[in-house]
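There are 2 protein chains.
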Amino acid sequence: MADAAAHQHEKTRWPKDAVGNRMTANVPVARAEDTINEVRTTLRKAQEFETINYVYVLDGHEKLIGILSIKDIFRQPERRKVGEVCKKTSLVTIHPEADQERAAYLALKNNLKALPVVDRDHHFLGVLPSDVILHILYKEAHEDALHRIGIHHRGVHHERALDNVLDIPLFQSIEHRVPWLGLGLLGGLFVAQIVGAFGRTLEQNLLLAGYIPLIIYMSGAVGMQTATFVVRDLAIGEGIPWRRYFGKQCLATLFIALLFGVGLFLLTWVLHRRLDVAAVLSFSLIAAVSSSIVSGFFLPFLFQKHGVDPANATGPMGTIVQDVLGIVIYFSIASLLL
Amino acid sequence: MADAAAHQHEKTRWPKDAVGNRMTANVPVARAEDTINEVRTTLRKAQEFETINYVYVLDGHEKLIGILSIKDIFRQPERRKVGEVCKKTSLVTIHPEADQERAAYLALKNNLKALPVVDRDHHFLGVLPSDVILHILYKEAHEDALHRIGIHHRGVHHERALDNVLDIPLFQSIEHRVPWLGLGLLGGLFVAQIVGAFGRTLEQNLLLAGYIPLIIYMSGAVGMQTATFVVRDLAIGEGIPWRRYFGKQCLATLFIALLFGVGLFLLTWVLHRRLDVAAVLSFSLIAAVSSSIVSGFFLPFLFQKHGVDPANATGPMGTIVQDVLGIVIYFSIASLLL
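Read top to bottom, the protein sequences are chains A and B. In this note's numbering, each number is its position in the first sequence, counted from 1, plus 4. In this note's numbering, each number is its position in the second sequence, counted from 1, plus 4.
To be clear, the hints were calculated from the coordinates, so they are not data collected in a lab. Treat the hints with care, since some could be wrong.
[Claimed, not checked] Distance condition first, Cα-Cα at most 27 Å in a straight line; then the derived DSS-like pairs of lysine-lysine: (1) K252/B to K143/A; (2) K67/B to K252/B; (3) K75/A to K20/B; (4) K20/B to K67/B; (5) K85/A to K49/B; (6) K75/B to K20/A; (7) K49/A to K85/B; (8) K92/B to K75/A; (9) K49/A to K20/B; (10) K143/A to K309/A; (11) K85/B to K91/A; (12) K143/B to K20/A; (13) K91/B to K49/A; (14) K75/A to K91/B; (15) K67/A to K75/B; (16) K113/A to K91/B; (17) K75/B to K85/A; (18) K75/B to K92/A; (19) K49/B to K75/A; (20) K252/A to K309/B; (21) K49/A to K143/B; (22) K49/A to K75/B; (23) K85/A to K113/A; (24) K85/B to K75/B.
[What the hints assert, rightly or not] Reference listing, derived: stretches of chain B covered by chain A, where coverage requires no fewer than 3 residues with Cβ under 8 Å from a Cβ of chain A: (25) 91 to 104; (26) 197 to 206; (27) 246 to 255.
[Claimed, not checked] Which residues of chain A face chain B? A few of them, derived with a C-beta cut under 7 Å, are: (28) Y215; (29) C254; (30) A256; (31) L258.
The beta-carbon is built from N, C-alpha and C at its ideal position, and this holds for glycine as well.
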């Protein structure tokens, strides 16, 4: 039996959300030439391991060469060699510098109870146990949900993530909610000045005012749909052909834009009997919805590139960017065509 | 050793998202008077169990009286009685008719790798294994994220939940996105008619048009914040004093409404030098944000009561309801005061 801890690198070496920070080396390991009986003895005598779902089989260089399930330890004959019965092919492993969220998806996809961590040379470093994987998945989902409503929780809130709202003091919960709402207020003021700049167009076609929410809502909603998928796929990431992905999202967005553009044209034509207004509304919707590829696709990538959680794109930032874009497009088209 | 399967009730008896549908009875059980050695023999001979993290200890009536960890099975002396070493107090269990999401939170909160399922009389029915708990948590988080963007996935999409967008045919992904966007379009048309009904007020105060996005955005954002917490807490639920919870959310909403109402008053007064307009905007914002308790609190409860997933309140339905409310409030106040 080898001491996996010997290979555990220092905690500080990994990036903030890396797998390396959450793994434990406190798991049973064995050599290929050990017998099942020797493994049983170790499990019996050893200190309290973090998890014993699997025994990890290492070679002389501490490289992971196989995995032995606890079920096999019970079932296999005492004298059988570990190397003969352990699973050696298609082992699912993860690197310590990988993102925790990716590890959770990997465990999920492969129905694994624990995930072994190895370095680039396949040296065994430790394991992500099932309860840690569960916590990672919950934390990521919870963080994404909070980002969506513009709450970026720090220390306190984070640890209390599982507690209900009643446990957080009133003013602390207000304090969490206010900053991004404040940005929303400023964004709204900015939009109001843009609309104000198109005062003449609006004055001559008062009808346009009522359709502001529709244009904003539709482009924001389509952008949010795209962003939700892009954010998730950026997290699972690795190996996604992003050009093709981008092409597909553009096609879907364009198709949706055209579909609803034509629909709005027919509905508003019937409603107002003005061909010019119906055309402006229809063109604006098509352009605004098409522009949602900005908040839906480019914004998450921009955030990712600058080390900001891409999930922010599904929150107030994304909405504000898309609102401003939608309004500018709407009134530009209106003042050109009317 | 007893046969836990004997107590497994029929699958069809539980509600759709109930724990009973996901549990397995295929786990090792023991009697209090069994020795550790007997348990080891069973583990060795028995069919392939789904999970052997724990051995469940039952009395003569098949009631769960204790839990033995796999670590204890290795560590304890051969002749020791199971009843002497198993954990008997503060066992965390769940009922088969409970919601799966609640089970996942329970496992999360107690750092459990598997969750035993018992009926009202404490008869042992089975276990939720760690990989199932992981899948439940992922499914719920994923569903909530999809509800937020108005996608209600049925069969196909659900099984592919882990695949990336590229694997889903273009028209299928558009088909998923269109229905709720269509509802949004109709909602937007409805809002436009409301604004149209206030044509006179708008004509005399063109300035108001530009602030439509601000009022809508702010009341929608605050409502969404509240709804996100309420939806989660409804899921974890049980034992939350909802009256007090409601009071706290109302207080927080009111405080936020007043804070930004005053802020908007000052900013627009400076910007436009018109006291009446600043007052209307400020009152409207306060009233609209206060009204967000409707989409944030009442809507999730309404959905829950009628068997609809409360997470819908954080999606297009919530936004549309809150948009209409905000617009009606805004122009009602404007036509009254100007």
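Verification of the supplied hints:
| no. | hint | in the structure |
| --- | --- | --- |
| 1 | K252/B to K143/A | holds (25 Å) |
| 2 | K67/B to K252/B | violated (41 Å) |
| 3 | K75/A to K20/B | violated (32 Å) |
| 4 | K20/B to K67/B | holds (26 Å) |
| 5 | K85/A to K49/B | holds (19 Å) |
| 6 | K75/B to K20/A | violated (32 Å) |
| 7 | K49/A to K85/B | holds (19 Å) |
| 8 | K92/B to K75/A | holds (25 Å) |
| 9 | K49/A to K20/B | violated (45 Å) |
| 10 | K143/A to K309/A | holds (22 Å) |
| 11 | K85/B to K91/A | violated (34 Å) |
| 12 | K143/B to K20/A | holds (26 Å) |
| 13 | K91/B to K49/A | holds (20 Å) |
| 14 | K75/A to K91/B | holds (22 Å) |
| 15 | K67/A to K75/B | holds (26 Å) |
| 16 | K113/A to K91/B | violated (33 Å) |
| 17 | K75/B to K85/A | holds (22 Å) |
| 18 | K75/B to K92/A | holds (25 Å) |
| 19 | K49/B to K75/A | holds (10 Å) |
| 20 | K252/A to K309/B | violated (39 Å) |
| 21 | K49/A to K143/B | violated (40 Å) |
| 22 | K49/A to K75/B | holds (10 Å) |
| 23 | K85/A to K113/A | violated (30 Å) |
| 24 | K85/B to K75/B | holds (15 Å) |
| 25 | 91 to 104 | violated (count 0) |
| 26 | 197 to 206 | holds (count 6) |
| 27 | 246 to 255 | holds (count 5) |
| 28 | Y215 | holds (5 Å) |
| 29 | C254 | violated (11 Å) |
| 30 | A256 | holds (5 Å) |
| 31 | L258 | violated (10 Å) |
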